[in-house]
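Line by line, the protein sequences are chains V and Y.
The first sequence maps to residues 1 to 204 in the working numbering.
The second sequence maps to residues 1001 to 1377 in the working numbering.
Hints in this document: simulated from the structure, not taken from any laboratory.
Accuracy of the hints is not assured; some may be wrong.
As the list claims (entries may be wrong) - Derived DSS-like pairs: lysine-lysine, alpha-carbon spacing no greater than 30 Å straight-line:
1) V:K44 / Y:K1306
2) Y:K1247 / Y:K1022
3) V:K44 / V:K128
4) Y:K1022 / Y:K1115
5) V:K44 / Y:K1362
6) Y:K1283 / Y:K1306
7) V:K44 / Y:K1022
8) Y:K1044 / Y:K1283
9) Y:K1247 / Y:K1268
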Amino acid sequence: MNNYDHSSLAAARPDFAAIAAWIPEGASVLDLGCGDGSLLRYLKQARNIRGYGVEISDEGIEACIQNGVNVIQSNLESGLSGFENNSFDYVILSQTLQATRHTEPLMQEMLRVGREGIVSFPNFGFWKNRLSILLGNMPVSKELPYQWYDTPNVHLCTLHDFESFCAKYKMQILARRVMTDEYTIHFVPNLLGSMAVYRFRRAH
Amino acid sequence: MDNSVGIVTAQRAHFAAPLTCKSGAILPHYELAYETYGTLNADKSNAVLICHALSGHHHVAGYYADDQKNIGWWDNLIGPGKPLDTNKFFVIGLNNLGGCHGSTGPSSLNPATGKPYGSSFPVVTVQDWVESQARLADLLGIRQFAAIVGGSLGGMQAMQWALSFPERVRHVLAIATAPRLTAENIAFNDVARNAILTDPDFYGGDFYEHQAVPRRGLRLARMLGHITYLSDDAMADKFGRTLRSGKLAYNYDIEFEIESYLRYQGDKFAAYFDANTYLLMTKALDYFDPARDYDDNLDRAFAPAKADFLVVSFTTDWRFSPERSRDIVSALLHNRRNVSYAEISSAHGHDSFLMQHEHYHKVLRAYLDNIAREFAA
């Protein structure tokens, strides 16, 4: 854990590098569902951010503390009441959106606590997922590693779905990066991208 | 005894400079009993102070050569290879001023009168303790603690350190504690105090000269306290409704196992603990309220703090509930301090903080290991 390798982590989690590219030096960041804290640790080293994670699992808390990142044990689904309005530059929900139950209120909370929000999620519209369904099975892949009966993912969506959601709830998308593995996808992203990262704020 | 710090010796430090208490009372001189474990490193950067709770003292780890069964109260945490590793840290435990285990307190002889202080001993506060602890640190040559660790009332002292001496503590481990007691919590303390104050053997606090001990009061106080430090579930698990004789006796003798346990605990406590110390410790708990001087605004109260914090609470602790710990976390977030917060699932109520719980100890170990890396680097 201590001889932590920057580049291998970025390769394993291409969304990390995409997120880091949007975050300026020294920004304040809240990472919701931060897991073992590796994104925060990455951003601390790459961008010298002041960061906190929110995590529910005991294992995650131990790992975050081992990783030397601030972590608050709390259930996201009960809101972010411990966090003040506009207290962070960025609030991140990395590969967690699809597993949240109260997705819309949580997205609103993100924009209450943060100036901007960043979410990454697997694109359910990715061609392999479509093909899987066409052939009669729920997709199982690197991005969606679960079987239908043990998945925590309750709110899967496509890029189109997410963008209409943002429009409906007056969230303005500032930037989008669609990827398949470490490659950025520009052409028919809703079909060819397996994963997306969005940066957004409240529309004025 | 695996990974024990082994045989330890209590030490005493004499302080000749008067201590002006928060109440205005002045202690012209006093002694503090303390123990140390591990070795202070060359630049004196590896010192950890352990602050004790209501009934604690300086014997935190190890055992005495002439009393090997007398094991320190937080021995499961402290020792070579334990979460607070004495191979890395120099650990100090002390008995607070007003205590009854060797530091100057109500039961000590007042040199000015040749009699125990008794009722004349000042009501000391968490701030006063921290002041006296800082003087002990001066004596030991410690300018800045790597960490100050405390549970319950001890956690209040650890927090107060960060407010009174921001430059003198790098990390605060505030465990099962609160930024102030709730009314309900003060109420429990008041019932406990009333048990002592109304005991005919109390003599207004000067029972020593009457060769009396307010045992009944102390016993009741402890029984009540003990109930509140456990959880409903833990009690149900341990005692349930089990009857000692197996059948109802239709009288007021000890019948249920829980009654037997509580009375035993009460008797044991009343045999060694000083009633005045009990009063004073509960008052210190009630008075602690850093926000009071800031229009009840805890955010502002925590503004001076510079330390990094680890805040830990236990799910079934209803005396120092997770909500109170979250208040601390929230004030630290407001002030943009580094803080981590773990809410440990445990069935054992407030007493959980003293127990060997795998996840809890892993959290402490991970945090303390990172601190050790700061001065090892």
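Each hint tested on the structure:
{"no.": "1", "hint": "V:K44 / Y:K1306", "result": "20 Å, holds"}
{"no.": "2", "hint": "Y:K1247 / Y:K1022", "result": "54 Å, violated"}
{"no.": "3", "hint": "V:K44 / V:K128", "result": "35 Å, violated"}
{"no.": "4", "hint": "Y:K1022 / Y:K1115", "result": "24 Å, holds"}
{"no.": "5", "hint": "V:K44 / Y:K1362", "result": "24 Å, holds"}
{"no.": "6", "hint": "Y:K1283 / Y:K1306", "result": "27 Å, holds"}
{"no.": "7", "hint": "V:K44 / Y:K1022", "result": "42 Å, violated"}
{"no.": "8", "hint": "Y:K1044 / Y:K1283", "result": "34 Å, violated"}
{"no.": "9", "hint": "Y:K1247 / Y:K1268", "result": "27 Å, holds"}
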